[in-house]
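Throw the hints in and build the complete structure from the sequences for me.
Chain by chain, the residues:
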Amino acid sequence: MELIIGGIIDEPRSTMKNKTGGWRTFRPVVDSSKCIKCGICEKFCPEGIIDIDPEKGAQVDYDYCKGCGICANECPVKAIKMELEKK
Amino acid sequence: MKGDLFAPGHRACAGCGPAIAMRHILRASGPDVIIAQATGCMEVTTTPYPETAWGVPWIHVTFENAASVASGIAEALKMQGRENTKVIAIGGDGGSADIGFGALSGMLERGHDVLYITYDNESYANTGVQRSGLTPMYAATTTTPAGSKIPGKTQRKKDLPMIAAAHHIPYVATASIAFIEDFEAKIRKALSIKGPKYIQVLAPCVPGWGIPENKTIYYARKAVETGMWVLYEIENGKLKINYRPQKLAPVKEYLEGQRRFKHLTPELIEKIQDFVKAEYEKLVSKDGMQLF
Amino acid sequence: MVKKILEGSHAVAEAVKLCRPHVLGMYPITPSTHIPERLAEFVNNGELNASLIRVEAEFSAISSIVGAAATGSRVFTATSSQGLALMHEVLYAASGMRLPMVMVVANRALSAPINIWNDWQDAISERENGWIQLFVENVQEAVDTVIQAYRITEDERVYNPVMVNMDGFYLTHVYEPVDIPDQKDVDEFLPPLNYKYKLDPKKPLTHGPFAYPVPYAMLRKRNFDDFHSFEPIVKEVHDEFAKKFGRSYGDGIIEEYKNDRPITIVTMGSISGTVKELVDSRDDVGLVRVRLYRPFPKERVAEALEGKEMVLVIEKDVAMGSRSGALFLDIRDALFSMRDRPRINNAIGGIGGTDITREDIAKAIDELKEKDGEIHWFEMRG
Numbered sequence: 001m002e003l004i005i006g007g008i009i010d011e012p013r014s015t016m017k018n019k020t021g022g023w024r025t026f027r028p029v030v031d032s033s034k035c036i037k038c039g040i041c042e043k044f045c046p047e048g049i050i051d052i053d054p055e056k057g058a059q060v061d062y063d064y065c066k067g068c069g070i071c072a073n074e075c076p077v078k079a080i081k082m083e084l085e086k087k
Numbered sequence: 001m002k003g004d005l006f007a008p009g010h011r012a013c014a015g016c017g018p019a020i021a022m023r024h025i026l027r028a029s030g031p032d033v034i035i036a037q038a039t040g041c042m043e044v045t046t047t048p049y050p051e052t053a054w055g056v057p058w059i060h061v062t063f064e065n066a067a068s069v070a071s072g073i074a075e076a077l078k079m080q081g082r083e084n085t086k087v088i089a090i091g092g093d094g095g096s097a098d099i100g101f102g103a104l105s106g107m108l109e110r111g112h113d114v115l116y117i118t119y120d121n122e123s124y125a126n127t128g129v130q131r132s133g134l135t136p137m138y139a140a141t142t143t144t145p146a147g148s149k150i151p152g153k154t155q156r157k158k159d160l161p162m163i164a165a166a167h168h169i170p171y172v173a174t175a176s177i178a179f180i181e182d183f184e185a186k187i188r189k190a191l192s193i194k195g196p197k198y199i200q201v202l203a204p205c206v207p208g209w210g211i212p213e214n215k216t217i218y219y220a221r222k223a224v225e226t227g228m229w230v231l232y233e234i235e236n237g238k239l240k241i242n243y244r245p246q247k248l249a250p251v252k253e254y255l256e257g258q259r260r261f262k263h264l265t266p267e268l269i270e271k272i273q274d275f276v277k278a279e280y281e282k283l284v285s286k287d288g289m290q291l292f
Numbered sequence: 001m002v003k004k005i006l007e008g009s010h011a012v013a014e015a016v017k018l019c020r021p022h023v024l025g026m027y028p029i030t031p032s033t034h035i036p037e038r039l040a041e042f043v044n045n046g047e048l049n050a051s052l053i054r055v056e057a058e059f060s061a062i063s064s065i066v067g068a069a070a071t072g073s074r075v076f077t078a079t080s081s082q083g084l085a086l087m088h089e090v091l092y093a094a095s096g097m098r099l100p101m102v103m104v105v106a107n108r109a110l111s112a113p114i115n116i117w118n119d120w121q122d123a124i125s126e127r128e129n130g131w132i133q134l135f136v137e138n139v140q141e142a143v144d145t146v147i148q149a150y151r152i153t154e155d156e157r158v159y160n161p162v163m164v165n166m167d168g169f170y171l172t173h174v175y176e177p178v179d180i181p182d183q184k185d186v187d188e189f190l191p192p193l194n195y196k197y198k199l200d201p202k203k204p205l206t207h208g209p210f211a212y213p214v215p216y217a218m219l220r221k222r223n224f225d226d227f228h229s230f231e232p233i234v235k236e237v238h239d240e241f242a243k244k245f246g247r248s249y250g251d252g253i254i255e256e257y258k259n260d261r262p263i264t265i266v267t268m269g270s271i272s273g274t275v276k277e278l279v280d281s282r283d284d285v286g287l288v289r290v291r292l293y294r295p296f297p298k299e300r301v302a303e304a305l306e307g308k309e310m311v312l313v314i315e316k317d318v319a320m321g322s323r324s325g326a327l328f329l330d331i332r333d334a335l336f337s338m339r340d341r342p343r344i345n346n347a348i349g350g351i352g353g354t355d356i357t358r359e360d361i362a363k364a365i366d367e368l369k370e371k372d373g374e375i376h377w378f379e380m381r382g
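Taken in sequence, the protein lines are chains X, B and R.
Its first residue numbered 1, the first sequence is counted upward by one per residue in the numbering used here.
Its first residue numbered 1, the second sequence is counted upward by one per residue in the numbering used here.
Its first residue numbered 1, the third sequence is counted upward by one per residue in the numbering used here.
Hints in this document: simulated from the structure, not taken from any laboratory.
The C-beta atom is built at its ideal place from N, Cα and C for all residues, glycine as well.
Since no wrong hints were added, every one of them can be taken at face value.
Looking from chain R toward chain B, a few residues come up when the C-beta cut is under 7 Å (computed):
1. His22
2. Ala68
3. Glu89
4. Val90
5. Asp200
6. Pro209
7. Ala211
Below is the structure:
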């Protein structure tokens, strides 16, 4: 490991290297036909890993999604379902 | 959004309320900011060396000194003519209301150009959910367990935003992560004002409150709907209540489903209800008034 | 260069001013208080362009300048005793984070009982904290060492905080003639700070992260290894200062005074003046004054004590639990690998502002001459 003195970290946003998707028990699955692209799920995601695609609606980055389910719980049109992760 | 200045891959719990707050702090501040953070969950989980979640310059020194570190940063920027760069100090409720209280008061009193944000998850969550000065009445924590003799914490929550306001600073606000646009707007407003500013954002803690991972926002909203937590601003000493439900929901709706309140008897719930109602009415009656 | 009669604290404030610090975190505590008072006058009269933060506690004095140093500003603070103890947690953080910082400590006894007078217990109790520590003998050396301290701490090979220790009252409140260097010369000696790792949105760095066991241990070892590499740089800066300003203090690490005699007194700080008088009055005793206390210059000290019959370590502190003073432990350690090591004894005094006279020292030498490993307490007077 290359050490900068003082424990300084010079690579911003480098937790990206740590994919937290493995934490997940339940997986948010978006029904794009129901999604109204309101962006509520994106705002309330603690990881910041939902993007709203103008065509397909909410897109979850499963590399990082910890499966908390806030998105599904807050979705005003119930377009997101939590499904048991098959490992 | 994947381009956020606060990156994923951090080690906060699934459903973490404070992590939602962090994301939106940076979203509101933009990149031209320096963050000074107190020891706590959001410090530990976001900077596991050699990784950092932060896309902006960030510093942590100790638990109790975020406000004083930020004071020094603000003065250094001033001396270097880099005043366009904003300074935000962030602490949890323990780091702000208890151990860092003196430093916070000193920073506010001296008038540094710093925005201090307390993410209030109502306990020392990082060390295993111990009571803090901001733990609400009758909540069970690991140091105020629900015993047969003493039912959790017996004191009220310290009124930190009002204490901050009593420093006669230009801007104080309360926020909840459930009202995220309101929180962001308050950050932006605060950052447009010179001098010391204080925002306290309620950010539920999944393990600390004993709530399901998916209910973080639900409880952050219920707190406001029941009057347990009131959204307001104090600008130049004048109080403005930002959100007044037509009718307060019963506190029971907020207390229910939280492990920390599981032990409450109907009598204690009624006591909390009376307390919340009285406090709420007292506060709302001052809406529009010059408090400081 | 102007020779002025100045109070020690005011002379130090002049030296700090010459170094053009940007941010000063200040909290009053006896006997360091006259330093921030004079600096406040400079700032409020426009003689020093700096932000002087009048903080609410020493904890914030040090914390505020940690923030400012990380932002790339030259910083200063001064404290004593309880103030230094209150800073303790941040002192470790500052050295762990390898920030360029300078602090003057007007050395004073620690509570309890509360006592405002001089001894070294405050600084000595911080001997493991990773700060470079220098002890000065007189006001002139305090002035010169503050200027050197900035050059040391801001050297890219160092980037480590520096503490300049001066005996409270004996040096802070004494009036001595001092040469205050010219601003032009100090500017030449001390260029503006250009800290490589400053907090700057143009290049976002994370300072002070959380570390799991392995990276934590690696970072600790890095600082541990680096720490001893600072000794030659302290000397280098001292020598360069001597060349430019015409004043030197031994070799910058230790000062040997008539150290060609069978008995050597080892000590630090202002008591060295008294020892020098004693040395001048007899022909069997010399002096080694430790100027660089941390990192401890073990080899250099050993070299200076080689072949002595007896070494007497005089100090104003105790290492509780070690049955001696703390300086004694370092000196004894320096002698450890010597084949014919000198006898070594320890004389403790000056605690809480009590006096140590020439006669006290002479008496201790006579009593301990033939002894080895004795811990002697000076008579308590004052």
